[in-house]
Amino acid sequence: AQKVTQAQTEISVVEKEDVTLDCVYETRDTTYYLFWYKQPPSGELVFLIRRNSFDEQNEISGRYSWNFQKSTSSFNFTITASQVVDSAVYFCALSEEGNYGQNFVFGPGTRLSVLP
Amino acid sequence: DAGVIQSPRHEVTEMGQEVTLRCKPISGHDYLFWYRQTMMRGLELLIYFNNNVPIDDSGMPEDRFSAKMPNASFSTLKIQPSEPRDSAVYFCASSRGTVNEQFFGPGTRLTVL
Chain U
492 AQKVTQAQTE ISVVEKEDVT LDCVYETRDT TYYLFWYKQP PSGELVFLIR
542 RNSFDEQNEI SGRYSWNFQK STSSFNFTIT ASQVVDSAVY FCALSEEGNY
592 GQNFVFGPGT RLSVLP
Chain Z
92 DAGVIQSPRH EVTEMGQEVT LRCKPISGHD YLFWYRQTMM RGLELLIYFN
142 NNVPIDDSGM PEDRFSAKMP NASFSTLKIQ PSEPRDSAVY FCASSRGTVN
192 EQFFGPGTRL TVL
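Chains U and Z supply the protein sequences, listed in that same order. What the first sequence shows, in our numbering, is residues 492 to 607, in sequence order. What the second sequence shows, in our numbering, is residues 92 to 204, in sequence order.
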């Protein structure tokens, strides 16, 4: 069965530090998609990025970057020079589309606190 | 586009009462998802629809929960009778296919006393 693990329950950093949020996934399908979502204290869920299993290129968007490594089944998220506004719960998610049907599962989330 | 719309935003009810949560997905999206979020269990997928048809309801906790999607622009999640353990934030999300990002509504915070 598919599974998403975010081993870090909570992380605290001081503003301007870099921080990496880990995501490890399990799937039997060769075609799948990985996502990151942000849930700030206001409660809404905000989409950050989508990556398909055939594209292992790393992605950078401003202070955000993502490292996808199929060899270790990981899709880690790094925030460079963190800011207080980055404080939120971050969810990694997996969607499969293959022999085992279509499924979508979220990881348990990592709560990031960025202290001034 | 207005995004996914959920109503009500907050609901407080007493145990045993019927609760109906509503969702309007983004126009043109063919998938609609209902999630429940609690501190203990995190974000749980309850049920999802494709073109108004329920595809997977294995996450629905028990028979007290039911969901419908009578047309492409409206879905309901009903709890009857409600219990205190149903207290949670319920999110509705929609997407164009399951492999694309889901867009979430603001959620309904349900409190069952």
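Incorrect hints may appear among the rest.
Restricting the straight-line Cα-Cα distance to at most 20 Å, the calculated cross-link-like pairs of lysine to aspartate or glutamate (EDC-like) are [to be verified]:
no., chain 1, residue 1, chain 2, residue 2
1, Z, 115, U, 535
2, Z, 115, Z, 192
3, U, 507, U, 588
4, U, 494, Z, 154
5, U, 494, Z, 147
6, U, 529, Z, 135
7, U, 494, Z, 192
What the hints contain is simulated information worked out from the structure, not anything from laboratory work. Please read all numbers here as calculations on a predicted model, not as lab measurements.
Hint-by-hint comparison with the structure:
1. Z:115 with U:535: 16 Å, holds
2. Z:115 with Z:192: 17 Å, holds
3. U:507 with U:588: 39 Å, violated
4. U:494 with Z:154: Given that 20 Å is the threshold and the Cα spacing comes to 26 Å, the pair is violated.
5. U:494 with Z:147: 17 Å, holds
6. U:529 with Z:135: Holds, at roughly 16 Å.
7. U:494 with Z:192: 18 Å, holds
Of the numbered hints stated above, those contradicted by the structure are hints 3 and 4, listed in ascending order.
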